[in-house]
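Single-letter residue listing:
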Amino acid sequence: MRFKIFTGLCAVCTFLLPLFTVKPNRIQTGSAVWVFELPPGYWAAAVILIFLIAFIVFSRRHTDILFLLFSLAFMTLLLAILHYLQGHLYMWDAQEYGRISFSGGFWIALLTIYLLLSWAYRNTRHKQLLLPIAILLMTAGVFLFILVGSFEHTAILLEYQNRSQKFLMELLNHINLSLAAVGTATVIGVPAGIWAARSQKYRILVFKTVNGIQTIPSLALFGLMIAPLALLSQQFPVLRSLGIAGIGTAPALIALTLYSLLPIIRNTFTGIYYIETQIISAAHGMGMNRAQTFRYIELPLSTPMILTGIRMSLVQCIGNTAVAALIGAGGLGTFIFQGLGQSVPDLILLGVIPVILLSILFDRLFHLAEHWATPRGVRLAWGN
Amino acid sequence: MHGVTKILKQQKLGALFVLVYLLYVALPTLQYSLLSPLFPHLQEILYPRASLLRLFGEHLLLVLLSGISAFVTGIILGIGVTRPWGREFLQSVQDLTALLQTFPPVAVLTLAVPAVGFGFTPAYLALFLYSILPIVRNTITGLLSVPQPLKEAARGMGMTPLQVLIKAELPQAFPAILTGTRISMIINIGTATIGGVIGAGGLGVAIVAGLVRDNTAFVLQGAIAAAGLAFLADYLFELWEQKMNRQE
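Each protein sequence line maps, in turn, to chains S and Z.
All residue numbers for the first sequence refer to the numbering used here, where the first residue is 1 and numbers rise by one.
All residue numbers for the second sequence refer to the numbering used here, where the first residue is 1 and numbers rise by one.
Be aware that one or more of the hints could be misleading.
Calculated pairs, DMTMM-like style, for lysine to aspartate or glutamate (alpha carbon to alpha carbon, straight line, at most 25 Å) [to be verified]: (1) S/LYS127 x S/GLU370; (2) Z/LYS12 x Z/ASP234; (3) S/LYS201 x Z/GLU88; (4) S/LYS127 x Z/GLU238; (5) S/LYS127 x Z/GLU88; (6) S/LYS208 x Z/GLU241.
Because the hints were derived from the structure by calculation, they are not lab data.
Turn these sequences into a full structure, and let the hints steer you where they fit.
Rendered as structure tokens:
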């Protein structure tokens with residue numbers, strides 16, 4: 001009940017705040033677009049939608065389909081308003097260079113849609129079906145509106161069109177850097193984790209070191225990498241010809257790899273170290289030697305845990321790669337810091353939103369991989 | 001005062017580190033004599049626009065303000081959703097914090113600029129919001145792991161629900177809350193360093209200025225101070241956790 005009321009309040013707040021901002025050009029500040037400035041059809045639709053949600057809030061029925069429909073209707077209304085703005089920019093003193101940015105109401109609308117969907121998901125009997133359907137319908141809806149041209153004056157899209165080639169390049173660059181760093185960290189970290197699980201002597205040393213690295217602020221670690229690498233490349237011109245210098249990809253890659261070590265080593269260690277001794281004894285009893293025990297028992301049992309570590313590293317690394325743009329490593333951070341430098345909020349968004357989406361995407365992918373890599377017997381024992 | 005001298009006796013190495021770090025931050029001559037041999041060809045060794053001590057102060061203020069408000073808000077939120085009247089929100093708060101934690105801290109920090117603008121306020125807001133997440137999660141985990149019989153025994157002794165919370169549940173959950181606070185503080189210090197880019201001041205200012213002007217000495221001057229601050233905070237939390245473990 002309280003949850004539904006909260007969702008309803010969010011829905012109301014969406015329309016109490018300005019939904020969009022219309023700017024005449026890239027530099028000038030814009031004017032806010034409130035829902036009641038729109039033709040009666042739009043705000044009537046908003047009012048009806050809110051009344052419908054209120055109705056559901058106070059009725060005691062748990063209808064998943066209705067909540068799904070509401071979230072879709074909510075999104076459609078937002079997109080319809082956006083489409084209307086495209087054609088009527090002059091009403092907010094903007095002409096052909098006019099651009100539309102998202103405002104407070106829009107972000108609250110996203111929260112409302114999230115809440116409506118999570119409510120539908122919680123009360124549905126078809127959990128496997130609901131989320132894919134919702135995502136499919138929403139993506140289809142957004143694409144439909146893109147095709148019709150509703151996004152033509154959206155500021156973030158304009159920023160993208162100005163540098164679509166560069167965007168693609170930096171996006172790939174970002175993914176490459178993150179994957180390369182986490183890949184290297186996996187190659188180093190998994191053996192190190194296994195080693196830490198086997199040798200009590202070096203365990204503390206390994207963990208103190210990687211914990212210490214993880215504590216250093218990312219920007220500081222990038223900074224600390226620059227000086228030694230710059231000195232090295234000054235001393236040895238060979239290194240410089242290999243592209244190793246104080247600024248650029250080399251220090252970024254080293255720092256990102258160092259950062260990615262902790263979750264991987266820690267999880268590998270936990271995965272191997274906390275396997276019950278009876279299982280190992282049983283394996284030995286069956287006549288397995290140490291290598292076989294490792295290959296058929298320890299490795300399969302700890303793989304999900306190791307994958308969790310790699311996932312945590314990767315999600316963290318995607319964020320830190322954005323910071324690496326400050327030392328000239330490229331990636332999506334380039335747009336973020338350019339946007340900050342030029343005070344163009346939409347350029348910042350062009351960098352930030354893909355970074356967030358990438359994090360969520362890789363997070364989900366690895367969740368799937370973890371589920372898939374868990375041995376069937378273990379999955380049954382955990383009950384999922 | 002007695003406690004302090006005791007800690008100093010036991011933790012000689014740690015105390016030495018703290019002392020050296022504070023001296024480094026406070027004394028420009030020390031910074032200069034440390035950095036100038038490394039960069040003989042550079043004209044300027046120290047960031048000229050502000051002293052490191054000032055930047056350190058700004059950094060500390062930002063981190064402490066956002067950290068303390070996140071600590072209070074996070075615990076209240078965590079308590080709220082584990083009470084009978086807030087249980088409905090438990091699942092959503094857990095889902096939402098899990099989702100938001102996949103957002104990179106730098107994304108949250110820079111998103112604050114389109115929302116609020118440049119300066120101290122957006123940095124404070126972003127750090128505050130991001131710091132809440134680990135605290136809420138750990139408060140929830142801590143409170144949910146309090147054994148039911150313990151709560152029932154407390155109720156049976158005639159305690160009111162508020163007394164059960166304060167005298168039985170919170171002390172039990174405190175180690176988990178402390179761990180969450182430690183995680184959030186370390187992230188907070190790291191993210192505040194990037195705050196230099198959005199005009200929030202702090203130690204990142206020297207690093208960014210060094211990067212922009214291609215002066216590695218500025219970068220190093222700030223980076224050492226920022227890394228040291230993170231180690232300092234981590235060390236203090238370590239001491240606190242050790243002290244708590246000993247009391248048990």
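Holds or violated: S/LYS208 and Z/GLU241, Cα atoms, limit 25 Å. Judged against 25 Å, a Cα distance of about 16 Å means the pair holds.
Given hint Z/GLU88 paired with S/LYS201 - CA-CA distance at most 25 Å: violated, 48 Å
Just to be careful, I want the Cα atoms of Z/LYS12 and Z/ASP234 compared with a cutoff of 25 Å; is the pair within it? holds, 17 Å
Straight-line Cα separation of S/LYS127 and Z/GLU238 no greater than 25 Å? violated, 43 Å
Does the alpha-carbon distance linking S/LYS127 and S/GLU370 stay inside the 25 Å limit? Within the cut-off at roughly 20 Å; holds.
With a cut-off of 25 Å on the C-alpha distance, tell me whether S/LYS127 and Z/GLU88 pass. holds, 19 Å
Checked against the numbered hints above, the structure breaks hints 3 and 4 and satisfies the rest.
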